[in-house]
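Asks: First to last, the protein sequences are chains A and B. Going by the numbering used here, the letters in the first sequence line up with residues 1 to 424, in that order. Going by the numbering used here, the letters in the second sequence line up with residues 1001 to 1234, in that order.
Since the hints were made in silico from the structure, they are not lab data. Hints are not guaranteed to be accurate.
[To be verified] To give an idea of the chain B side of the interface with chain A (calculated C-beta under 7 angstroms), a few residues: (1) Leu1139; (2) Arg1141; (3) Ile1145; (4) Asn1149; (5) Gly1151; (6) Ala1155; (7) Gly1156; (8) Lys1232; (9) His1233; (10) Leu1234.
[Claimed, not checked] Cut-off 35 angstroms, straight-line C-alpha distance, at most; resulting in silico cross-link-like pairs (DSBU-like, lysine-lysine): (11) A:Lys413 with B:Lys1056; (12) B:Lys1076 with B:Lys1053; (13) A:Lys413 with B:Lys1232; (14) A:Lys364 with B:Lys1050; (15) A:Lys278 with A:Lys232; (16) B:Lys1019 with B:Lys1050; (17) B:Lys1153 with A:Lys303; (18) A:Lys95 with B:Lys1232; (19) B:Lys1232 with A:Lys145; (20) A:Lys364 with B:Lys1153; (21) A:Lys123 with B:Lys1232; (22) A:Lys364 with B:Lys1056; (23) A:Lys364 with B:Lys1081; (24) A:Lys232 with B:Lys1232; (25) B:Lys1076 with A:Lys364; (26) B:Lys1053 with A:Lys413; (27) B:Lys1076 with B:Lys1160; (28) B:Lys1053 with A:Lys50; (29) A:Lys278 with B:Lys1232; (30) A:Lys20 with A:Lys232; (31) B:Lys1053 with A:Lys364; (32) A:Lys50 with A:Lys123; (33) A:Lys95 with A:Lys50; (34) B:Lys1007 with B:Lys1019; (35) A:Lys206 with B:Lys1232; (36) B:Lys1056 with B:Lys1081; (37) B:Lys1160 with A:Lys364; (38) A:Lys206 with A:Lys364; (39) A:Lys145 with A:Lys95; (40) A:Lys364 with B:Lys1232.
Glycine included, every Cβ here is placed at the ideal spot set by N, Cα and C.
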Amino acid sequence: MLGKTPDPAGSGRTKIAGLKDIDILVGIPSYNNARTIGHVVRAVEAGLTKYFPGRRSVLVNSDGGSSDGTTDVVREASIDFDSILLDHRKGGFHKLVTPYHGIPGKGSAFRTVFEIARELEAKACAVVDADLRSITPEWIELLIKPVFEEGYDYVSPYYMRHKYDGTITNTIVYPLTRALYGKRIRQPIGGDFGFSGRLASFYLDKDVWESDVARFGIDIWMTTTAIANGFKICQAFLGAKIHDAKDPGADLSAMLHQVVGSLFDLMEEYAGTWRTVKGSEAVATFGFVYSVGLEPIQVNLEKMIEKSQMGIRELAPFHRSFLPEDALAFLHDLAARPDRGAFVYPDAMWVRTVLHFALACHRKLASREHIIKSLTPLYLGKVASFIIETWDSTAEEVERRLEELCLAFEGEKDYLIERWNGKA
Amino acid sequence: MKSFIDKILIQPLQEVVQKLVAFLPSLLTGIVVFAIGLVLAWLIKLLVVKIIKLLKLDAAFTRSGVTEALQKMAVKDTPAKLLGRMFFWLVAFIFFVLALSVMRVPVIDQLLERFLLYLPNIFVALVVLAIGWFLGNFLGRAALIASVNAGFKVAGPLSKAVKGVILLFAFVMAFEQLGIGRSTVVAAFAIVFGGAVLALALAFGLGGRDLARTFLDKRFKKSGEDERDDLKHL
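Given only the sequences and the hints, what does the whole structure look like? Please build it.
Replies: Written as structure tokens, this is what we have:
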């Protein structure tokens, strides 16, 4: 079933590099990450040397045509092994810097990593973002070992993040993925994953590389594909996640479109799977969970609320074509609230909103791009409401608050299924 | 005297009667054809309305904004009824033309021929208007969503302007296709459009100098820490 496909994105790279029979492959997609990628490369090399000393490993930097010297930084990055008290076992670690082809984006970079993993018949793989500032050698151990030694196919990351970091994950992706597929994967679009060579090959055979999956949609696609196809999954606690913004040039609505669009597309593809799932269950978690101090995040709440209210008002005629009356009435009221303290977007209403956006895409009630991009002001409203509500809360309290949101999503699953099937 | 009366009155009258008698079967055939056409048109109208209801196209028209647009144009009928009526008149018109051609009147034949040659222009103009309408709606909505998400306070007017310009283009193209005031319409469009662009340029240039400066300051200066937002959404 998983036969080899041609390697259109640069066959023979590994032959040129003289590589074969690799045990571990670590991929780093990059685009103008010269500032941070050196640290990531060194952490990967240290992790492989420290935790997998007898294994043949390769680091693949799949670059999207950086103009800031990213690839030079990767080539030149090296570790002073004496200073970190490690023996450097020569010959076991290789670096491969290669450009990726296709639609510019993280997904296309991953595709190249998967191709090389298949070509080298790598047993265990990992991908880590090039913008990470908090990666340590232990990340490599935690992402690779569950695959290498425990037989897992997919290792999702689990980080400590600032309570307002990853708001698309917290308000949409995590609760909806958990409610749909029944697995409590806390960071389904974390960006740093471990996976088996078998799963890499499975990904490669999927015909998705011209869609949003080739961009920001890759993370949710990898996670959902692994869950929905019955691969053995777990998560690994990696500590703090501190990183640069994903793509400073990308605007919020484009990110939302790619991520949420991929999520909705996957709902179509795996409707037969998620319709039968009830509730959710925890997945095995590796690593020692601990609290960490995180960099503060500055939030311009006034601007966010203003943008949200203006967007809700302007887009009301369009939203009327697919949102139910009670949601429209609520939004109308929310957009008119001058008092910031009264700016509350309740979980139940937010869940209904997201589900009706998914249903609108499912029923093709308008252009899919228009539907999803018109979610942006509503999403900003939910984020603003969440921030107001949790301003003085600790990270643990915020987690408990998110748990309530997840349960609200799970509670509305039947509502979604009824309407998905066209009964209501 | 009698022969004179015969010549100027009786003979022409006889000729008229003869022609009328000769024309009567054609007229009757024409009337029958048109009557059949009216019945058929009525049946087709019912069928179209029924199909639209079965396919729930009325809801789709409401969602796509067609119903609202019709209401704005003071059309009280639903799109289903309107389409049914259009089909009725289309079929009735076709049978009217058939009935006229059955009568074989040379003048009517000539008029019909000219009309039939003109008909494709009407069809093309209608298609252009329909495409303009849908494109205007689509791009107007795209502009609205993009400008709302970019935080432009003039998102609504901007969207309406995009839609309006596309509709204007469609109307100009349709009129040009129909050959109605071809040069006048094109010249008027060029004057109006060029004038609007010039007016906007002047308005922005003179009236919006301070606004532009503020915008550029905000965009490129590193100051304005209060405006900063560090949220990483992914």
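Asks: Against this structure, judge whether each hint is valid.
Replies: Okay, the hints, checked on the actual structure:
1. Leu1139: violated, 11 angstroms
2. Arg1141: holds, 6 angstroms
3. Ile1145: holds, 5 angstroms
4. Asn1149: holds, 4 angstroms
5. Gly1151: holds, 5 angstroms
6. Ala1155: With a closest approach of 5 angstroms, the B:Ala1155 hint holds.
7. Gly1156: With a closest approach of 5 angstroms, the B:Gly1156 hint holds.
8. Lys1232: holds, 5 angstroms
9. His1233: holds, 5 angstroms
10. Leu1234: holds, 5 angstroms
11. A:Lys413 with B:Lys1056: holds, 27 angstroms
12. B:Lys1076 with B:Lys1053: The hint holds at about 18 angstroms.
13. A:Lys413 with B:Lys1232: holds, 28 angstroms
14. A:Lys364 with B:Lys1050: This hinted pair holds, its Cα atoms lying about 23 angstroms apart.
15. A:Lys278 with A:Lys232: Distance ~19 angstroms between A:Lys278 and A:Lys232 Cα, so the pair holds.
16. B:Lys1019 with B:Lys1050: violated, 46 angstroms
17. B:Lys1153 with A:Lys303: Judged against 35 angstroms, a Cα distance of about 12 angstroms means the pair holds.
18. A:Lys95 with B:Lys1232: holds, 30 angstroms
19. B:Lys1232 with A:Lys145: holds, 29 angstroms
20. A:Lys364 with B:Lys1153: Cα-Cα ~29 angstroms, so holds.
21. A:Lys123 with B:Lys1232: Answer holds: A:Lys123 to B:Lys1232 is near 33 angstroms, not above 35 angstroms.
22. A:Lys364 with B:Lys1056: With Cα atoms ~14 angstroms apart, A:Lys364 and B:Lys1056 stay inside 35 angstroms; holds.
23. A:Lys364 with B:Lys1081: Judged against 35 angstroms, a Cα distance of about 24 angstroms means the pair holds.
24. A:Lys232 with B:Lys1232: Satisfied, since the Cα-Cα distance of roughly 30 angstroms is no more than 35 angstroms.
25. B:Lys1076 with A:Lys364: It holds: about 27 angstroms lies between the C-alpha atoms, which stays within 35 angstroms.
26. B:Lys1053 with A:Lys413: Holds - the C-alpha atoms of A:Lys413 and B:Lys1053 are around 31 angstroms apart, at most 35 angstroms.
27. B:Lys1076 with B:Lys1160: The given pair, whose Cα atoms are some 23 angstroms apart, holds under the 35 angstroms limit.
28. B:Lys1053 with A:Lys50: violated, 70 angstroms
29. A:Lys278 with B:Lys1232: holds, 32 angstroms
30. A:Lys20 with A:Lys232: holds, 27 angstroms
31. B:Lys1053 with A:Lys364: Distance ~19 angstroms between B:Lys1053 and A:Lys364 Cα, so the pair holds.
32. A:Lys50 with A:Lys123: holds, 18 angstroms
33. A:Lys95 with A:Lys50: holds, 17 angstroms
34. B:Lys1007 with B:Lys1019: Measuring from Cα to Cα gives roughly 17 angstroms; hence the hint holds.
35. A:Lys206 with B:Lys1232: Holds. A:Lys206 to B:Lys1232 sits at ~30 angstroms (cutoff 35 angstroms).
36. B:Lys1056 with B:Lys1081: holds, 13 angstroms
37. B:Lys1160 with A:Lys364: holds, 24 angstroms
38. A:Lys206 with A:Lys364: Cα-Cα ~24 angstroms, so holds.
39. A:Lys145 with A:Lys95: At roughly 21 angstroms apart (the allowed maximum being 35 angstroms), A:Lys95 and A:Lys145 satisfy the hint.
40. A:Lys364 with B:Lys1232: holds, 30 angstroms
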